[in-house]
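S.K.: Dock the two chains into a complex; use the hints.
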Amino acid sequence: MSEVIALRPLRVLFVDDEARITRALRALFRDFEAHVTNDPADAPRIASERDIDVVVCDQRMPGITGVDCLREIRQLAPRAMRILLTGFSDLKAVLGSVNEGEVFRFVSKPWDNRELREIVTTAGRIARETPALAADVLSASEHEQARDQVGVLVIDDDTTTQQRLREFLQPHYHVRFAGNAERALQILEQHETGVVICATELGHGDAGANSDLTGMVKVLKHYHPCIVTIVVTDRANSQTAIDLINEGQVYRMLLKPIRMGPTRLSVDSAIARYWQLKRAPSAVRRFSVMPRADNVVSLASVSDTILARIRQLPSRIAHIARLG
Amino acid sequence: MALSPSLLLMTLCVVFGAAAAWFLCEPRARRLQNDLADVEADLKAQQASQSHIIHTTKLASLGQMVAGVAHEINTPLGFVKSNVEVVADLLAEHEVQLGRLMSGIDLLHNADAVSLARAREALIRARNTLATQPLLGDARDLLGDASEGLKSIAHLVANLKSFARVDRDGMDLVDLNESVRSALAVAAHLLRDRVRVNTDFGQLPRVRCMPSQLNQVFLNLITNAAQAMPGESGTLSIASRATADAVEITVADTGGGIPDSVLPKIFDPFFTTKPVGEGTGIGLSIVHKIVKSHGGSIHVRTAIGQGTTFTVSLPAELRALAAPLREKAA
Numbered sequence: 001m002s003e004v005i006a007l008r009p010l011r012v013l014f015v016d017d018e019a020r021i022t023r024a025l026r027a028l029f030r031d032f033e034a035h036v037t038n039d040p041a042d043a044p045r046i047a048s049e050r051d052i053d054v055v056v057c058d059q060r061m062p063g064i065t066g067v068d069c070l071r072e073i074r075q076l077a078p079r080a081m082r083i084l085l086t087g088f089s090d091l092k093a094v095l096g097s098v099n100e101g102e103v104f105r106f107v108s109k110p111w112d113n114r115e116l117r118e119i120v121t122t123a124g125r126i127a128r129e130t131p132a133l134a135a136d137v138l139s140a141s142e143h144e145q146a147r148d149q150v151g152v153l154v155i156d157d158d159t160t161t162q163q164r165l166r167e168f169l170q171p172h173y174h175v176r177f178a179g180n181a182e183r184a185l186q187i188l189e190q191h192e193t194g195v196v197i198c199a200t201e202l203g204h205g206d207a208g209a210n211s212d213l214t215g216m217v218k219v220l221k222h223y224h225p226c227i228v229t230i231v232v233t234d235r236a237n238s239q240t241a242i243d244l245i246n247e248g249q250v251y252r253m254l255l256k257p258i259r260m261g262p263t264r265l266s267v268d269s270a271i272a273r274y275w276q277l278k279r280a281p282s283a284v285r286r287f288s289v290m291p292r293a294d295n296v297v298s299l300a301s302v303s304d305t306i307l308a309r310i311r312q313l314p315s316r317i318a319h320i321a322r323l324g
Numbered sequence: 001m002a003l004s005p006s007l008l009l010m011t012l013c014v015v016f017g018a019a020a021a022w023f024l025c026e027p028r029a030r031r032l033q034n035d036l037a038d039v040e041a042d043l044k045a046q047q048a049s050q051s052h053i054i055h056t057t058k059l060a061s062l063g064q065m066v067a068g069v070a071h072e073i074n075t076p077l078g079f080v081k082s083n084v085e086v087v088a089d090l091l092a093e094h095e096v097q098l099g100r101l102m103s104g105i106d107l108l109h110n111a112d113a114v115s116l117a118r119a120r121e122a123l124i125r126a127r128n129t130l131a132t133q134p135l136l137g138d139a140r141d142l143l144g145d146a147s148e149g150l151k152s153i154a155h156l157v158a159n160l161k162s163f164a165r166v167d168r169d170g171m172d173l174v175d176l177n178e179s180v181r182s183a184l185a186v187a188a189h190l191l192r193d194r195v196r197v198n199t200d201f202g203q204l205p206r207v208r209c210m211p212s213q214l215n216q217v218f219l220n221l222i223t224n225a226a227q228a229m230p231g232e233s234g235t236l237s238i239a240s241r242a243t244a245d246a247v248e249i250t251v252a253d254t255g256g257g258i259p260d261s262v263l264p265k266i267f268d269p270f271f272t273t274k275p276v277g278e279g280t281g282i283g284l285s286i287v288h289k290i291v292k293s294h295g296g297s298i299h300v301r302t303a304i305g306q307g308t309t310f311t312v313s314l315p316a317e318l319r320a321l322a323a324p325l326r327e328k329a330a
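In order, the protein sequences belong to chains A and D. For the first sequence, my numbering begins at 1 and goes up steadily by one. For the second sequence, my numbering begins at 1 and goes up steadily by one.
Here chain D stands alone, though its shape is the one from the complex (with noise of 0.2 Å):
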């Protein structure tokens, strides 16, 4: 079919019009694709920085912490050490009273008539001396000490190694249990002889998850928690427990509570209460950031002057309940 010239015009016409109008509107396609590659750069360098924010507290409470678990191994530290240099010491001392019995025993040896009763006489002396100084049993308990010390100090350094997770990055099949226990233990210096804890573990189904991440998670929620409770007469209470497609966790203070003003900011980045210099207002945020990439939610419940609870919820994964099985059967 042929077309007729004036359809042929119109064609014409309408590409022209079209390729004019491209033409026309390039400059301005142009500025505005530069505009957007600059926001994106924007953003880019925003995120970076942001996540850049977000590494740096994460190391800040990483150096926090670390200070903290060296500081509680300053304890067994220091009686482990001063055992040790007593107990060398003491077998010191040992090995005189020793000296002194052998050299008896060879008096004893060569005596004649005459110097016999001087001679057992100074054996004697050895002998009731070794006995009135257990130097030997002191050195035994010094040495079972120090031998506690020393797995208490083993004990904190894999605490630190277990939440640090550095030999695991990356996603796995967790029980939160013991993310839970490990951040306990890692904020044990904040809690200690202040805080009572209380902790109520279910049994759990594990949770597909980034374990460093988590640990992370409940760090900073016994952080904040222990930081609401600044007296000497708070508890802390965790529970934990499985819901029919979750995993729950509790983490609840007798704090002052948050007011009505404070609550709805309380995961924005960097919003704080602290003074300055004292919060990064990072802490929750962090938080809020990990438990939603990991698809689960966090939900607040405050009462003025009656404390705080914090619940995490994270989905639990179906394969995961037949591994702990599996391995039950082998």
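In isolation and in its complexed conformation, chain A is listed as follows (with noise of 0.2 Å):
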């Protein structure tokens, strides 16, 4: 059975409402069963009537975003991958992707044939081989089971987002705090953590240096899947937030001074979502970062011992262990 599934070609849907690009993207994906329409309001019917694997949507169409198009389709299809192809990466855009679109990658135009070709077929090989994950809600009960168990790391040395977090979340979770990637590295080394709210740098604190820390998202995500990271950022730069989309696929992306509301709603569907995965392990291939070149980058940018002590982590999900 599995076997005939994978013998059908990959059902891709590319919405744009410029013709001769789902024109050009119908010949580039011709050896696939290629679905196009330049109408966004009937992308989310024809990906659910088609059974579509994976959706590959442009940005800004008259009526309606690219990010809205595609969060209607997680509703109505979730069972197909969400791709963003966009010649405009204004900063909004990209958050929307990342916090309603839930997108598996962001893609730039004008794109790379291979590459965007790579990228839509593993994202078709995910869409068939692993489970869609049911909404991140969990029920009253298993919510709090999950909420005694997992914790909640912070790593960030700005004492105000340190100080908002605290008020906001330890009354309800398990909040640690890591001021520095030694201590982060401690924290997840003794305890089940299961949601890393992580700035993109230090250096808040003391006079020392600014240190980056989505290389050791980006790293963490790549040995640790089942992880779910949220990112708080004052710094609001469209490329750095692709790439941590691309290379780190986080889960959430929270602007500073973080608020009570959102901050709340996302650690609490980050909970739930680890907890889905820690259920269903296959499933933390649809979150998954490709070993692409770049990324071997970002790993050279964390030091040989934080690698280390990242890869040698205690894998909390048995299945996950055997994948790595």
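Only true hints are included.
Distance condition first, Cα-Cα at most 20 Å in a straight line; then the derived EDC-like pairs of lysine to aspartate or glutamate: (1) D:Lys81 to A:Asp112; (2) D:Lys81 to A:Glu18; (3) D:Lys81 to A:Asp17.
Some residues of chain D that are not near chain A, with every Cβ distance over 12 Å (derived): (4) Gln33; (5) Val39; (6) Glu40; (7) Lys44; (8) Gln97; (9) Gly99; (10) Leu116; (11) Leu123; (12) Met171; (13) Thr199; (14) Gln227; (15) Pro259; (16) His299; (17) Thr311.
Keep in mind that the hints were calculated from the coordinates and are not lab data. Backbone N, C-alpha and C fix where the C-beta goes; we use that ideal spot for every residue, glycine too.
M.R.: If you want it as structure tokens, here you go:
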């Protein structure tokens, strides 16, 4: 049965208001079962009716943004993997694609044919082979159990943010704080941590030099894809955000100053996501990062000792240990 | 006539007194002169820093605009690049099929009675594959799109060039409709898919002006209008008409309107209602400055909840009226 599924060509849906883009993509994916639409309003219906594996969607379209379109597709056709393809990488679009669209990859126009085919093929295989998770909501009793077992780690030396997070989260979760990478690793080694809330860089505390944390986020995702990451940042840079999606598969990105409502919501659903992955570990592939050449560079930006310690972190999920 | 001694004395006294007075006042005057020089220097420095800010802001808006147009280029560039590569693949596939057809023909040509049937079969198979896969037709369509895409890119670059007026600086006789069109093209990324644009261009006499500056005026007004309509239901209306001695351009939005408390300050440099980091408050003051320096005027009409209309009025030059006629006659 699974072989039959694998033999059927991957079903891809391309959504772009520009017909010449969809024609180009159809030609590029001529060996796939390619569906196209120039009307984004039709996309969610087509995705669910045709049981689409991968949706590739433009961001700027008349009447609706790609992020909104992908959010609807996520509800109507949760099995489909979502990719945003856009010439406009404004920060609002990038943040929306993480927080609302939960995209697998963010690809810029003009795209590279080989790379796009690779991304779509990988996404399609994952869609075929791994089950989609239900929405990140748990029953009350499950949620209690999850909160009891699973820790939340905050890596940030910005005292204002630390204080706020303590205020928002301490009453509800096991929250631990780390002001540097060393302390963060200790906590990860000692406690089951399901959610990491992480700044993009340290350097608020001492006069010490700023140190970038995005490399660590990416490496952590690479070796421990079950751990769900939420990035908090005051540096609004769309390229950093795009890299965090493509190489770090961050779950949510929050802008400082963080607010109570969105933070609580994000952490609640992040805990639920971790809990679901723990029960259905194969689904983690849906949130995996590819071992790409760029990734090796980001691996290199993390010191060898940190890299080694991250690799050796105890895996709390049996199945994942075998994958690694 | 001889001067009486008393008159002489008096005259001497007056001259001496004046000299003494001059002599006594000299340090004060010098101080005043120094003060004046200081004030002048201050003023110059202030003007320089203001013109520096205006210049920097102009560069920043130019940068924003270039980024916008670059993004606009990414869409056609995306499919042109992809199509060219895919066409190369299609041609390679076609070559393979042609090769099969050729060897089929060779086989048939050299066939004897025994191999004839097999050779015919191979030839027919190659022919049918070629017939069912319209590789060349697909390639032609993709190249057609690519060619259209290159035209769009050329068009975008031409707009940018005509907006920036890199080739011509200084005064020129200009059709302001062209100026508005180029500003609209450059601002397209702010409006596209979001704001409806209505234009109603009247026949205009040409205006003697600095086209690069007036392009900036219209871009700033359009940008302002676009920012006044953050949602997706706004309409931007631009109209032009000629009056007896002037040319009038109106730029109207359907945004929230300008409150009374803000209205008197909108042309002040550095006044902004936007959050810190988003607006410099210099856009409309530049507009005001440029329009004034062209001997024109700018008016604003606004209604809360309905929108705002800016009307720029510039003196039409009589000589300019004759110019197009001469061109027609020629």
